[in-house]
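Novice: Listed here are the chains, written in short residue letters.
4 protein chains.
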Amino acid sequence: MILIIKNNHEKKQLDNLINWIKGLGLNIHLSEGENSTILGLVGDTSLVDIDLIRALDIVDGVKRIQEPYKKANRKFHPHDTILEVNGHKIGGNNFTLIAGPCSVESEEQIITIAKDVKAAGAHFLRGGAFKPRTSPYAFQGLRESGLELLLKAKTETGMAIVTEIMSANHIDLFKDVDIIQVGARNMQNFELLKALGRTDKPILLKRGLANTIEEWLMSAEYIMAEGNEQIILCERGIRTFEQYTRNTLDLSAIPLMKEITHLPIIVDPSHASGLSRLVAPLSLAAVGAGSDGLIIEVHNDPMRALCDGAQCIKPMQFKELVEKMDVMLPIVNKVRN
Amino acid sequence: MILIIKNNHEKKQLDNLINWIKGLGLNIHLSEGENSTILGLVGDTSLVDIDLIRALDIVDGVKRIQEPYKKANRKFHPHDTILEVNGHKIGGNNFTLIAGPCSVESEEQIITIAKDVKAAGAHFLRGGAFKPRTSPYAFQGLRESGLELLLKAKTETGMAIVTEIMSANHIDLFKDVDIIQVGARNMQNFELLKALGRTDKPILLKRGLANTIEEWLMSAEYIMAEGNEQIILCERGIRTFEQYTRNTLDLSAIPLMKEITHLPIIVDPSHASGLSRLVAPLSLAAVGAGSDGLIIEVHNDPMRALCDGAQCIKPMQFKELVEKMDVMLPIVNKVRN
Amino acid sequence: MILIIKNNHEKKQLDNLINWIKGLGLNIHLSEGENSTILGLVGDTSLVDIDLIRALDIVDGVKRIQEPYKKANRKFHPHDTILEVNGHKIGGNNFTLIAGPCSVESEEQIITIAKDVKAAGAHFLRGGAFKPRTSPYAFQGLRESGLELLLKAKTETGMAIVTEIMSANHIDLFKDVDIIQVGARNMQNFELLKALGRTDKPILLKRGLANTIEEWLMSAEYIMAEGNEQIILCERGIRTFEQYTRNTLDLSAIPLMKEITHLPIIVDPSHASGLSRLVAPLSLAAVGAGSDGLIIEVHNDPMRALCDGAQCIKPMQFKELVEKMDVMLPIVNKVRN
Amino acid sequence: MILIIKNNHEKKQLDNLINWIKGLGLNIHLSEGENSTILGLVGDTSLVDIDLIRALDIVDGVKRIQEPYKKANRKFHPHDTILEVNGHKIGGNNFTLIAGPCSVESEEQIITIAKDVKAAGAHFLRGGAFKPRTSPYAFQGLRESGLELLLKAKTETGMAIVTEIMSANHIDLFKDVDIIQVGARNMQNFELLKALGRTDKPILLKRGLANTIEEWLMSAEYIMAEGNEQIILCERGIRTFEQYTRNTLDLSAIPLMKEITHLPIIVDPSHASGLSRLVAPLSLAAVGAGSDGLIIEVHNDPMRALCDGAQCIKPMQFKELVEKMDVMLPIVNKVRN
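Chains as they are written, first to last, in this note's numbering: chain A, 37 to 373; chain B, 37 to 373; chain C, 37 to 373; chain D, 37 to 373.
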């Protein structure tokens with residue numbers, strides 16, 4: 037960490053600051069130039085409150101040199117993390133397909149779709165049981181009974197299950213779920229993250245709609261710091277000034293994330309756009325950007341879907357999309373097993 | 037709700053859509069023009085999934101006519117909501133001052149600051165016991181024992197307490213807290229909102245860092261829909277491209293919110309800027325914009341503050357600020373009792 | 037255009053409004069419901085000042101039904117516009133590659149790169165002569181002599197030239213340029229747009245860094261309204277809260293734009309990210325999203341590049357990238373001629 | 037400037053980089069730690085291309101220590117710049133009021149409003165002759181004849197004139213204008229800025245709708261670098277995700293700007309919100325934030341205003357607003373002369 041000290045500082049203020057920093061167990065490298073005095077902090081600066089320092093009267097600026105995330109940082113873990121769930125590998129050069137309806141609606145619905153997406157090439161079945169909706173008056177999911185229907189679909193098809201959790205109170209209900217999803221709105225629900233960090237379940241951690249890449253990795257770090265290092269990151273669009281699409285899918289983040297973290301990262305093209313007819317082009321774009329997989333909403337009757345039907349594609353469209361992706365996978369050095 | 041239908045639609049598709057809408061219990065007003073066909077939906081459209089309709093092949097656009105929030109809507113509740121907590125009124129022409137440290141650190145600290153801010157004019161004492169921090173390695177608050185220290189300060193000074201909750205699991209711990217704060221990161225933690233809606237505590241609902249005014253009111257609606265209508269809204273800055281300030285304080289939202297909702301709305305100038313030297317000008321700006329109050333971080337030794345010290349002002353600065361505000365209150369038709 | 041009138045309006049106010057609207061040559065369709073009164077404006081509403089109406093005391097909201105752009109609107113021009121420049125087609129199922137250095141630096145540099153990118157498959161040569169730089173102290177381009185060097189490269193290689201204009205004063209200097217580029221910062225330099233609308237040159241119109249899709253099409257409309265309908269749109273990243281990448285490449289915009297406008301649209305992956313190692317993945321992503329082409333910065337010695345070297349790839353990397361794209365083009369129904 | 041070098045760099049690469057930097061005339065301070073190697077660049081780094089360095093293979097990060105603006109920087113010019121125009125002082129502890137209609141419409145209109153706003157306390161008359169409009173089909177201003185009408189109003193009332201320029205071609209037309217305004221859309225029209233830098237007119241430089249504080253000061257620097265240091269900055273709202281207001285007025289920027297630049301800064305509450313009923317609260321907020329003045333749209337008949345009427349207040353409202361401001365000015369240490 038580098039501190040730029042104001043030119044007109046008093047010696048006593050600077051001495052106080054230096055002593056305070058040393059009190060945190062850090063060494064200091066002082067460089068007094070003509071126009072500026074610079075302090076280099078040497079040691080583990082992850083505990084230093086950068087905002088506090090920035091606000092001190094004699095400080096003109098603070099620059100962080102080391103990333104605040106450790107366990108998620110590729111610097112300290114250079115090889116790709118590869119998870120194995122239900123016999124499928126996630127990460128590395130594996131390409132993972134998760135598909136299914138926005139909400140679980142009925143036994144027939146979820147089993148039919150599960151069979152369809154499995155036949156088309158999906159590895160995992162998604163489906164919402166607990167639904168975070170902006171409006172309290174909107175359908176909130178079948179909740180516990182939705183989980184039961186997902187497990188029936190798993191029994192029927194052998195597909196492992198991915199579904200969203202909304203409260204640490206529900207963790208026991210998720211004991212047979214294969215991958216627990218944390219939605220965008222809960223990305224910084226730190227009490228939930230800590231509780232999930234104490235489970236042994238793989239966690240699909242979606243990016244918050246206005247969270248930076250660094251904050252996203254810090255949320256992964258919350259889970260990892262408690263001992264659970266099985267994390268799959270999921271880009272699902274960020275909020276920008278543009279309102280023509282529901283969110284702006286940040287595909288620039290994909291190759292960047294591959295550089296700075298070893299965790300697998302997949303893309304959700306359905307929530308990003310909110311429009312079913314954009315799902316196919318954005319899926320191909322995500323493959324081109326180097327995504328480790330996709331999570332796609334597929335429904336057999338979009339008109340009747342209880343929520344977010346607008347962003348669902350039909351099983352036949354999903355199948356055609358997978359065929360196009362298969363053409364692309366070799367050029368991005370991925371394999372769909 | 038207005039649906040604009042594509043020009044080249046097939047009659048059968050339109051008939052299907054109309055029947056589907058009627059099936060939701062709504063009436064339809066059809067208007068066929070030269071360039072466009074328009075459907076007006078008449079009835080309670082709050083249950084219609086606007087995203088689903090937007091994605092239909094024959095639909096060119098959808099426009100909502102009625103706001104999706106009801107209980108928080110001034111249209112159905114034209115008079116200002118005025119809460120009364122510990123003998124102080126909040127809302128209407130009352131100006132409310134909440135002050136205290138970012139984090140509760142010790143009995144001496146919290147009681148000293150409580151006395152100082154009370155003497156300077158504050159009505160309520162704030163202080164963080166449970167702290168949402170971006171990093172799992174940062175100080176997370178004194179938690180339960182922090183709540184106990186706040187209650188000691190209440191006993192000592194008679195000031196009612198405002199403090200943040202981070203999980204529905206903790207509600208019992210908050211039984212003696214006077215106003216429960218929901219932080220920006222939990223604004224869409226819907227399970228928490230529902231649980232708070234079943235309490236009888238006033239809720240201070242902060243705006244999420246990238247949430248729209250409409251989403252904010254929908255989160256208030258979550259609490260109100262469960263029966264608890266004692267809500268104070270709090271603007272604390274939104275996330276924008278500008279990184280020179282930590283957040284951009286959205287003061288334009290204040291006069292707008294006063295038009296569309298009857299709930300009181302206050303401003304947090306400390307978290308907005310993250311810089312103590314911006315607290316005074318932004319406080320005066322908030323008063324000018326018509327805020328119903330302020331929540332300000334005050335600390336007697338910013339250098340030692342365990343978190344967010346950068347944004348704390350000292351008790352003497354708080355006192356001077358209150359004196360300046362008092363000059364302004366008459367021109368915005370407010371009274372600080 | 038739909039006007040929602042406040043419930044508590046006075047009849048006289050409404051009559052005044054109706055008369056004023058009729059004075060603009062529009063017809064009115066009045067619908068009085070239980071909870072709201074709605075006015076439908078019928079006729080050419082592109083001249084109505086929507087902001088003025090929104091601000092009237094008795095108006096609760098205004099919704100536009102028709103897009104404000106006409107000549108760029110696919111509704112009135114359903115077939116793809118296909119430009120032909122120097123024997124190459126742009127738009128439709130053609131895939132166009134524009135490549136070259138950020139800045140023209142010397143005769144040797146520009147001719148060498150031109151030959152390299154031509155050999156690798158580029159159709160057009162790009163190169164900056166007039167450079168918009170944030171800092172007045174940064175290199176501003178070779179200006180007139182840069183244009184001369186580009187034309188030498190054209191003579192030498194037969195490649196048509198794409199280069200940026202910064203002022204209507206310079207139009208005469210651009211008389212031998214094949215495609216004139218309008219940069220992001222000048223997207224709403226309306227005096228420049230009007231002047232270019234009076235030329236017969238194809239215009240490459242980049243999206244402004246914080247401009248909506250609608251504003252972008254309105255800027256195309258400025259050029260088209262003056263008579264020049266040869267426009268190529270170029271997405272180059274938008275400004276968001278995320279600062280890890282220089283801009284956020286908005287690939288969701290590509291399939292959307294293909295729906296609403298008939299104009300060709302290409303992508304600039306170099307400026308979007310600002311990092312050469314992101315150029316290849318973002319290029320493949322753009323192809324997947326359905327882009328009609330790419331404009332890529334290529335340099336033979338990035339370390340020595342006078343500006344924006346960070347985002348340049350080398351000719352060999354460009355060649356490898358083109359080979360990968362060629363695998364993808366059939367699945368997006370494009371041909372690189 | 038601080039460069040963080042990747043741990044796994046080759047010695048030869050680092051030597052090349054060091055030689056290249058020395059070739060730019062800079063000295064280097066090398067610090068090799070256990071986890072990172074850091075290069076401190078000493079000397080005038082304003083010419084170093086930070087983006088180029090950021091993209092080098094061996095560079096992990098770059099941090100700027102010195103601001104890239106010089107002439108606008110308070111560090112090198114600690115005292116407030118105070119302009120004097122037509123006998124009125126702008127900056128320092130002076131509070132400046134600029135008022136008038138959005139567009140000049142007729143001689144009677146502009147003279148009537150000029151008299152009204154002068155009587156209410158305005159120092160300068162504003163009015164648009166050249167109007168930047170998103171749509172080519174919207175009213176574009178009276179242009180040259182609008183300027184003539186403004187000068188008639190000046191003759192009649194003695195008020196100095198503020199009006200917007202849209203092209204360097206028009207500078208001669210503005211020879212009798214007192215303060216030339218550069219609008220938000222032209223903030224990075226660098227050819228225009230350079231041309232204005234060669235005039236001796238005070239320039240009112242509005243912030244671009246998505247431009248950072250740093251870019252804004254760099255645009256001021258463009259004008260100042262050419263010799264014209266008479267600049268007034270004007271905050272007018274930035275573009276954010278929130279669409280309920282047209283723009284988000286960034287009042288946090290005001291006290292920050294007062295710290296980092298010596299130039300006067302005023303606020304435009306009319307364009308920020310786009311709603312006349314928000315003008316008064318946002319004006320009082322701007323005064324509270326420490327603004328050096330306001331530029332406010334005032335019209336005697338908002339319904340008939342040819343553009344942006346929605347954001348105009350009436351002369352009587354302006355008068356009442358000035359009276360309220362006068363109560364506040366002493367607490368922010370300002371005087372309205």
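Please note that a few of the clues may not be correct.
Copies of the same chain look alike in the list, so a pair counts if it fits in one copy or across any two.
Unchecked claim - Derived BS3-like pairs: lysine-lysine, alpha-carbon spacing no greater than 27 Å straight-line:
{"no.": "1", "residue 1": "Lys107", "residue 2": "Lys355"}
{"no.": "2", "residue 1": "Lys151", "residue 2": "Lys107"}
{"no.": "3", "residue 1": "Lys350", "residue 2": "Lys125"}
{"no.": "4", "residue 1": "Lys350", "residue 2": "Lys47"}
{"no.": "5", "residue 1": "Lys107", "residue 2": "Lys370"}
{"no.": "6", "residue 1": "Lys154", "residue 2": "Lys107"}
What the hints contain is simulated information worked out from the structure, not anything from laboratory work.
Novice: For each hint, tell me whether it holds in the structure or not.
Specialist: To see whether the hints hold, each was checked on the structure:
In this assembly of identical chains, Lys107 and Lys355 lie within 27 Å of each other by CA distance neither inside one copy nor across copies; the values are 37 Å within and 37 Å between. Taking the closest pair of Cα atoms, Lys151 and Lys107 never come within 27 Å of each other, the shortest separation being 37 Å inside a single copy and 43 Å across copies. Taking the shortest alpha-carbon separations for Lys350 and Lys125, only the intra-copy value of 26 Å comes in at or below 27 Å, while the best inter-copy value is 35 Å. Taking the closest pair of Cα atoms, Lys350 and Lys47 come within 27 Å of each other only across two copies (23 Å); inside a single copy the shortest separation is 70 Å, beyond that limit.
In this assembly of identical chains, the alpha carbons of Lys107 and Lys370 lie at most 27 Å apart only when taken from the same copy (25 Å versus 43 Å across copies). Taking identical chains as interchangeable, the C-alpha atoms of Lys154 and Lys107 are never at most 27 Å apart, the minima being 34 Å within one chain and 45 Å between chains.
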